[in-house]
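**Student:** If you're matching them up, the sequences are chains A and B in order.
Per numbering that gives the first Met the number 0, residue 0 is the first one in the first sequence, and the count goes up by one each step.
Per numbering that gives the first Met the number 0, residue 0 is the first one in the second sequence, and the count goes up by one each step.
None of the hints are false.
Listed next, the in silico EDC-like pairs over lysine to aspartate or glutamate satisfying Cα-Cα at most 20 Å (straight line):
id	chain 1	residue 1	chain 2	residue 2
1	A	103	B	115
2	A	103	B	122
3	B	103	A	115
4	A	237	A	271
5	A	103	A	321
6	B	103	B	321
7	A	103	B	123
8	B	103	A	123
9	B	103	A	122
Just a few of them, taken from the derived set where beta-carbon distance is under 7 Å, the chain B residues facing chain A:
id	residue
10	70
11	98
12	131
13	132
14	293
Chain A is nowhere near these chain B residues, computed Cβ spacing over 10 Å in every case:
id	residue
15	221
16	223
17	325
18	330
Quick caveat, the hints were computed from the structure, so don't treat them as lab data.
All residues carry an ideal CB built from backbone N, CA and C; glycine is no exception.
Protein chains: 2
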Amino acid sequence: MNDSAVGTSSKEASKQALPRLADVAAHAGVSSKTVSRVVNNEANVRPQVRAQVLRSVAALGYRPNAAARALVTQRTHQIGLVATASSLYGPTAGLFSLEQAAWKAGYGLTLTTVREASEAQLEEAIHYLMVRGVEGVIVSGVAGILHLETSALAEMPLVSTSPITTESVKHVLVDSDQVAGTRAAVRHLYDSGHRRIAHLAGPLSWDSAARRRDGWLLELEDLGLHPGPLLVGDWSPKSGYEAALTLDPTTATAIVVANDHMAMGAIRAFTEQGLHIPDDMSVAGFDDVPEAAYQMVPLTTVRQNFSSVAERSVRELIHLIEGRAAEKTSIHLPTELIVRASTAPCLGNPR
Amino acid sequence: MNDSAVGTSSKEASKQALPRLADVAAHAGVSSKTVSRVVNNEANVRPQVRAQVLRSVAALGYRPNAAARALVTQRTHQIGLVATASSLYGPTAGLFSLEQAAWKAGYGLTLTTVREASEAQLEEAIHYLMVRGVEGVIVSGVAGILHLETSALAEMPLVSTSPITTESVKHVLVDSDQVAGTRAAVRHLYDSGHRRIAHLAGPLSWDSAARRRDGWLLELEDLGLHPGPLLVGDWSPKSGYEAALTLDPTTATAIVVANDHMAMGAIRAFTEQGLHIPDDMSVAGFDDVPEAAYQMVPLTTVRQNFSSVAERSVRELIHLIEGRAAEKTSIHLPTELIVRASTAPCLGNPR
DNA sequence: TCGCTTACTGACAGCGCTGTCAACCACGTG
DNA sequence: CACGTGGTTGACAGCGCTGTCAGTAAGCGA
Chain A
0 MNDSAVGTSS KEASKQALPR LADVAAHAGV SSKTVSRVVN NEANVRPQVR
50 AQVLRSVAAL GYRPNAAARA LVTQRTHQIG LVATASSLYG PTAGLFSLEQ
100 AAWKAGYGLT LTTVREASEA QLEEAIHYLM VRGVEGVIVS GVAGILHLET
150 SALAEMPLVS TSPITTESVK HVLVDSDQVA GTRAAVRHLY DSGHRRIAHL
200 AGPLSWDSAA RRRDGWLLEL EDLGLHPGPL LVGDWSPKSG YEAALTLDPT
250 TATAIVVAND HMAMGAIRAF TEQGLHIPDD MSVAGFDDVP EAAYQMVPLT
300 TVRQNFSSVA ERSVRELIHL IEGRAAEKTS IHLPTELIVR ASTAPCLGNP
350 R
Chain B
0 MNDSAVGTSS KEASKQALPR LADVAAHAGV SSKTVSRVVN NEANVRPQVR
50 AQVLRSVAAL GYRPNAAARA LVTQRTHQIG LVATASSLYG PTAGLFSLEQ
100 AAWKAGYGLT LTTVREASEA QLEEAIHYLM VRGVEGVIVS GVAGILHLET
150 SALAEMPLVS TSPITTESVK HVLVDSDQVA GTRAAVRHLY DSGHRRIAHL
200 AGPLSWDSAA RRRDGWLLEL EDLGLHPGPL LVGDWSPKSG YEAALTLDPT
250 TATAIVVAND HMAMGAIRAF TEQGLHIPDD MSVAGFDDVP EAAYQMVPLT
300 TVRQNFSSVA ERSVRELIHL IEGRAAEKTS IHLPTELIVR ASTAPCLGNP
350 R
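Kindly produce the complete structure, drawing on both the sequences and the hints.
**Tutor:** Below, the structure is given as structure tokens:
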């Protein structure tokens with residue numbers, strides 16, 4: 000076996016010049032097509048030939064060229080992710096699960112971000128990914144109800160967390176069941192005797208914020224209760240703190256907060272005002288961030304299973320990419336109420 | 000202007016068949032090379048020809064094929080990111096800044112994760128990215144001191160947060176100055192009268208955990224103090240809680256914790272044991288997560304500027320990709336001590 | 001007027017790979 | 001012994017784009 004064999008046939012010396020299929024073929028004494036067969040694990044190659052090719056591949060350190068392969072097969076095995084550029088826990092938590100799920104399915108993940116969730120930015124992001132050759136797109140943690148109608152997008156498989164209106168049939172929504180989540184929180188507070196239940200919502204331009212508020216509203220209605228005060232924050236602990244400061248404590252005995260970080264800010268604000276949590280005010284969060292259980296007052300919250308959402312998103316997207324029609328266009332995964340110490344039975348008399 | 004013009008010259012009907020350069024060329028009545036010039040914004044094209052081509056590009060909705068372009072230019076303008084698959088705040092926080100910085104520089108970001116930070120997994124991840132055609136790799140939030148010696152990797156530009164030993168000169172380390180961070184926290188406690196200062200470290204297989212511990216040790220040494228107890232957690236609030244439970248409160252009046260989430264768990268544990276924060280025990284964290292300021296006891300902490308680290312990482316990587324030699328092989332960005340309410344002057348008599 | 005420079009344009013090859021198809025070989029089988 | 005038959009292999013074209021280089025037209029000074 001010759002020892003210096005990498006590179007193009009004739010001349011070539013210093014440049015690294017990655018080995019190509021032809022180099023492996025020459026080294027193994029077969030045609031490049033046969034090497035291609037081995038590399039792609041196709042049938043109908045004699046075992047000993049396959050072994051020899053494999054040896055040459057290892058000897059030369061051959062790695063297939065993705066661009067060349069993509070060019071001829073018209074497949075890139077890349078999926079694109081559009082995320083909002085924020086380090087909010089929610090959008091972030093599913094990210095690595097997304098990558099792992101894609102990886103298991105043989106797809107790579109190209110990431111891009113939008114600063115705000117406008118139609119224009121989203122379309123730009125998707126175009127950016129299309130130029131990059133992705134075969135499908137996941138839109139995660141983007142705010143509102145977006146309408147996309149560029150015809151080029153209509154053929155692009157799309158899975159999103161927010162309802163996006165498209166002309167495409169290749170579009171599925173996968174998310175936690177936000178409505179059921181806040182409904183469960185409200186019901187829990189009701190069962191503990193609370194009758195005046197406030198809500199601290201996320202920015203209502205976000206669909207998930209609006210849906211959590213809807214759950215609060217719907218459950219109150221079913222229970223025959225008038226809604227308590229509605230406050231609005233921006234998901235940040237700071238906004239939770241500031242919003243809670245504006246709440247008149249006589250108007251509510253409990254509050255359902257749209258995420259854990261705002262709930263932490265709110266608890267801080269209530270405490271500063273001399274309210275005791277949970278005796279004077281019950282507080283429920285949403286997300287179950289890792290530190291929720293280890294707060295000074297461990298937080299009652301609605302746990303989202305971000306990795307399930309991520310895995311399901313990838314699964315549905317790959318179905319779309321492979322041409323299988325979606326069974327449902329909208330999938331809501333269950334949430335779980337985790338009762339800890341920030342909620343307690345209502346001490347006052349239920350009105 | 001004709002209205003139905005997309006597709007290959009002769010036959011073709013139903014299939015979408017994205018327009019190619021040649022289609023645009025035919026539509027505009029020029030050669031495909033001229034279209035290429037316009038699309039790539041090269042000089043020496045008559046303004047009116049350029050305008051006509053641009054009109055045809057828009058009319059057909061042409062988008063260049065990245066694979067074909069990459070094949071001929073040998074450039075993919077993709078960079079790869081290797082991250083550990085955890086939703087730790089630190090590794091996650093810089094992610095979007097990384098993407099934005101790459102985007103501004105004209106590069107795409109391909110993400111991959113490793114479950115644990117072994118040499119084998121890292122090499123596999125980098126190979127995965129190489130097959131995907133990335134021109135450089137950023138390794139973020141990966142634990143220990145890794146040694147890579149595969150010759151193929153030696154040519155791959157690499158920026159990492161942890162010290163990775165390679166034979167490559169194309170390798171730069173960019174990170175927050177961890178040592179200075181904990182030194183500042185220790186110094187702050189010393190200045191408040193504390194003389195017995197404990198440390199709750201992250202998993203010491205992580206280089207950043209080890210360096211934070213070193214900062215604690217070094218500053219104590221400079222101050223002529225004996226180190227207080229050393230506890231070890233795994234970055235999670237839970238581990239902080241459990242570790243703090245094992246601390247004998249008579250052996251320390253203050254503790255420097257290696258991240259905010261463990262600090263939260265520790266505060267919870269101290270409180271359960273009847274210790275008052277900060278009067279009975281001062282606690283300092285690390286990271287400045289958004290909710291740190293809004294805890295029941297707002298957390299004194301060391302703020303890392305994750306977006307600076309991310310931007311600098313991308314900048315250095317692109318320098319390496321473009322062949323400029325690195326000026327420094329190791330860059331430490333400053334941290335900032337944020338004093339809040341979880342640390343206070345020592346009440347007991349300084350030994 | 002010629003020669004020379006400059007601005008612009010297009011023909012053509014080929015990046016590294018895979019799909020198609022024909023060729024080949026070793027087996028039975030009629 | 002001629003003839004399939006199925007397993008195995010390689011020649012060749014071409015995916016969509018860009019680099020090279022030659023060619024054409026226009027401008028300009030002598």
